[in-house]
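**Q** For reference, the chains in residue letters:
2 protein chains.
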Amino acid sequence: MIGAGPVGLFQVFQLGLQEIRCHVVDSLPAPGGQCLALYPDKPIYDIPALPRCTGRELVERLLTQIEPMAPTFHLSQQVATVAARADGRYDIGTSTGTHFTARTVFIAGGVGAFQPRRLKLDGIAQFAGRQLFHSGDEPPSAAGRHVIVLGDDDEALDAALTLSTAQSALPASVTLMHRRDAFKAAPEHVERLRAACAAGTMRFVAAQAIGFDAAGDTLTHLQVVDADANTTTWPCDLLLVRWGLSPKLGPIADWGVPLARKQVVVETETFETGLSGVFAVGDVTTYPGKKKLILCGFHEATLAAYGAATRLRPDRVTALEYTTTSTRLHRVLGVDHQP
Amino acid sequence: MIGAGPVGLFQVFQLGLQEIRCHVVDSLPAPGGQCLALYPDKPIYDIPALPRCTGRELVERLLTQIEPMAPTFHLSQQVATVAARADGRYDIGTSTGTHFTARTVFIAGGVGAFQPRRLKLDGIAQFAGRQLFHSGDEPPSAAGRHVIVLGDDDEALDAALTLSTAQSALPASVTLMHRRDAFKAAPEHVERLRAACAAGTMRFVAAQAIGFDAAGDTLTHLQVVDADANTTTWPCDLLLVRWGLSPKLGPIADWGVPLARKQVVVETETFETGLSGVFAVGDVTTYPGKKKLILCGFHEATLAAYGAATRLRPDRVTALEYTTTSTRLHRVLGVDHQP
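Each protein sequence line maps, in turn, to chains R and X.
For the first sequence, the positions run 1 to 339 when the working numbering is used.
For the second sequence, the positions run 1 to 339 when the working numbering is used.
Hints may contain errors.
Listed below are several chain R residues computed to face chain X (Cβ distance under 7 Å; list not exhaustive) [stated by the list, open to error]:
#1 44
#2 46
#3 58
#4 289
Short derived list, chain R residues pointing at chain X, Cβ under 7 Å [stated by the list, open to error]:
#5 10
#6 42
#7 48
#8 51
#9 64
#10 204
#11 268
#12 269
#13 291
#14 303
#15 320
#16 323
#17 324
It is worth saying that the hints were derived from the structure and are not from the lab.
For clarity, every value in this text was computed on a predicted model and none was experimentally measured.
Using N, Cα and C, we set each Cβ at its ideal position, and we do this for glycine too.
Extracted from the complex, chain R is given alone in its bound form (with noise of 0.2 Å):
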């Protein structure tokens, strides 16, 4: 499984009930997708049967509810390679290394994978992981160091305050960088900058990256240019580009799986894609009339689920069953001993 958004959550869901067990890779730290990544506290109100919910909570509902099917979450890590094999298995591995043998793929990719927007800047690639990090890396102690910060979002004001406050390991000077001074950030984050700026603990400066100074394999300037066309360089030891997440699709589009318009086309009986045994679901898929919203990703996991079970049991008709009424289901539900 591809993907632990509210619907590849669902595609779990439903391939427990046939009794399939998962496996979900997902590059993001928490299963959630986009609902937790991007919305985590804006109200959704079309999900049926719930007419007000956020995104947190309906992720929250989705992980109770699987919770029967006991799938393993693989986070912070991407499915790099999804390779056919003679047997008719695919071989799937992560870009952390992880490997699986696996008979049925689900694709619930949504938007793609959320990858941090990088600086682009000719050679700048060198320093990363060492002096250059971008959102969702860890970086370094800062202490005695001139850092800078890229961004104008709550991220980036907040981890520039955070340095320019700390109780010890204070770097030597902490510069925010946005190309305007205007923020995304919250009112009360941007006051608190203008405060620190005007204590002198940091600075902020309106302008744009074009270029750095290295001695030997180190960086040890940035350069920047203002909207005046102004050129400045400054003292730069440790680089932190905060302008959040992008979704990309990645290398799905590598695979071999038919897509259309860079989605993956589906057929709407069982929702596999053009390769044998590999089903996509979500927003990633296309089909006459798609919408992308989440409940019909839910219908969508629902019959992919019938289609692997179909594929994988070839020899036993997959009939539909209750969740109000099956023994079988209640049993895999866990429910078969309550009142």
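Got chain R; can you put chain X on it based on the hints?
**A** Frame of chain R, contents of chain X only:
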């Protein structure tokens, strides 16, 4: 809109998001369909993000969700006729004489209209509404009359026990009849029945009705036969048939909507039927991969709403909007002034 089960209710919601108002007709006296009529207190486990909820709770949640859409319900009546007009609209008539003219019709008919299982005896129908009453009918006072109740479930035992223990308006006699001395009713109900029979306040007869006696147009006796083929005759002024409700596809078959195995054939892009402007969703439909699950009906209702919107406003592209972010949808939902 035909049918006020969970899928019909969510159809109201999705049409509401498209700013299309609904009249909803259902044969039952309250919205909820079989969820409420057949299993109000049984838990359902496969509604996405509702790990466990009863049929009653599901219906209550959906009714809350559709409040902003303010549908008009026409209950305890069945759509009898759907006839195409020359102008492309439809004339719709119900069993109680309500008439509509509509540009789109939605069939969310489930397994059909719920109707009482009727006693089939030549000539007995003449007493209906005077001395013969089926499930769902409101019978008149039984004071001083010989009452026979047919049935073996909670509904039947409840009717007989209530009459036999009445504080006022006591019947002359109360007889429960079922073909054999075994009951579907809950054990505590059966126990109360045994006690009432032992106390002489009512009696149980294991037999089936095979005929009746009448004086003029008045029913006087019921003729019954037991398992040993013995025929007996019992005085009967009031006959309560408590055999429950049974779904019937009913008049849908006469409207010209193409069917396959008594299911309405739909295409999966817009869930339109073979009749232009007539859409069908939920258990009444069939298409490749169809599963009769409530959550699939929610998806079907969503795509049908887009289909109807495109039909009603062909000049306007019906773009996908999200309830999380769309100011138009916030206005429709009445949440535009909430924080």
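**Q** Indicate, hint by hint, whether the structure satisfies it.
**A** Evaluation of the provided hints:
| no. | hint | verdict |
| --- | --- | --- |
| 1 | 44 | holds, 5 Å |
| 2 | 46 | holds, 4 Å |
| 3 | 58 | holds, 6 Å |
| 4 | 289 | holds, 4 Å |
| 5 | 10 | holds, 5 Å |
| 6 | 42 | holds, 5 Å |
| 7 | 48 | holds, 4 Å |
| 8 | 51 | holds, 4 Å |
| 9 | 64 | holds, 5 Å |
| 10 | 204 | violated, 30 Å |
| 11 | 268 | holds, 5 Å |
| 12 | 269 | holds, 4 Å |
| 13 | 291 | holds, 6 Å |
| 14 | 303 | holds, 5 Å |
| 15 | 320 | holds, 6 Å |
| 16 | 323 | holds, 4 Å |
| 17 | 324 | holds, 5 Å |
Checked against the numbered hints above, the structure violates only hint 10.
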